[in-house]
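A.B. asks: Listed in order, the protein sequences are those of chains W and L. Note that the first sequence covers residues 1 to 118 in full-length UniProt numbering. Note that the second sequence covers residues 1 to 118 in full-length UniProt numbering.
None of these hints come from the bench; they were simulated from the model. Every residue gets a Cβ at the ideal spot worked out from N, C-alpha and C, and that includes glycine. Be aware that one or more of the hints could be misleading.
To be verified - Pairwise CB distance ranges, derived in the manner of DEER restraints: (1) L:GLY82 x W:GLN65: 39 to 49 Å; (2) W:LEU64 x L:ASP21: 13 to 23 Å; (3) L:LEU20 x W:ASP21: 43 to 53 Å; (4) W:LYS16 x L:GLU114: 23 to 33 Å; (5) L:ALA9 x W:LEU64: 37 to 47 Å.
There are 2 protein chains.
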Amino acid sequence: MTDKALAPAAYMAALKARDLDAIVALYADDAVVEDPIGTPPHVGIEAIREFYKGAVGMPIEPELQGPVRIAGDEVAFAFRIGMPDVGMTIDIIDTFKFNDAGKIVLMRAFWGPENITN
Amino acid sequence: MTDKALAPAAYMAALKARDLDAIVALYADDAVVEDPIGTPPHVGIEAIREFYKGAVGMPIEPELQGPVRIAGDEVAFAFRIGMPDVGMTIDIIDTFKFNDAGKIVLMRAFWGPENITN
Numbered sequence: 001m002t003d004k005a006l007a008p009a010a011y012m013a014a015l016k017a018r019d020l021d022a023i024v025a026l027y028a029d030d031a032v033v034e035d036p037i038g039t040p041p042h043v044g045i046e047a048i049r050e051f052y053k054g055a056v057g058m059p060i061e062p063e064l065q066g067p068v069r070i071a072g073d074e075v076a077f078a079f080r081i082g083m084p085d086v087g088m089t090i091d092i093i094d095t096f097k098f099n100d101a102g103k104i105v106l107m108r109a110f111w112g113p114e115n116i117t118n
Numbered sequence: 001m002t003d004k005a006l007a008p009a010a011y012m013a014a015l016k017a018r019d020l021d022a023i024v025a026l027y028a029d030d031a032v033v034e035d036p037i038g039t040p041p042h043v044g045i046e047a048i049r050e051f052y053k054g055a056v057g058m059p060i061e062p063e064l065q066g067p068v069r070i071a072g073d074e075v076a077f078a079f080r081i082g083m084p085d086v087g088m089t090i091d092i093i094d095t096f097k098f099n100d101a102g103k104i105v106l107m108r109a110f111w112g113p114e115n116i117t118n
């Protein structure tokens with residue numbers, strides 16, 4: 001069980017470490033990931049693992065920005081991803097919804113072309 | 001019609017001005033407001049107007065924090081509300097979902113007790 005308030009920092013650390021197992025361990029088996037919102041969601045833990053294989057394919061520098069907002073069984077947090085290999089940064093806000101076991105059942109990522117800096 | 005990217009700044013300005021009509025004008029007639037998430041939603045423009053009557057009842061200092069994240073027909077943005085009369089600040093992330101006319105159809109506010117500073 002992951003504390004809701006700490007899950008975003010755990011997620012940032014797992015992304016930075018490019019630790020696919022640690023990322024996937026945050027999710028429930030029946031979780032859904034929409035990243036970014038407007039693209040087809042990744043449904044279920046196997047599809048989520050496949051999705052993150054891409055994310056951990058290159059070095060990234062994730063940095064939380066400001067406090068995690070905690071509301072009921074959901075959190076939202078702002079962060080910036082630096083991608084030094086391609087000289088890009090992306091500003092993102094993610095939301096997590098948790099089940100009673102403290103696993104993420106829904107992740108939605110708010111970012112688009114306007115949030116990419118080259 | 002409000003540009004999605006500009007709606008958060010318009011919302012901050014209307015809150016700061018305590019301009020109830022300007023706030024309500026951002027919303028579609030059938031909009032839903034969940035503020036904070038976990039409390040009963042305010043459904044429809046009249047319920048939303050009633051809800052914001054409380055919000056504009058005292059001076060507040062809203063400040064956007066970081067860029068507005070824009071994803072499809074949704075945005076997310078981090079901000080801080082200062083309430084000088086009561087010496088409190090609240091750190092919030094709001095999400096807006098828009099209809100084709102550029103009006104907000106769903107607003108969800110992520111904040112809770114952990115996000116209040118006295």
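A.B. asks: Are any of the numbered hints broken by this structure? If so, which, sorted upward?
C.D. replies: 1, 2, 5
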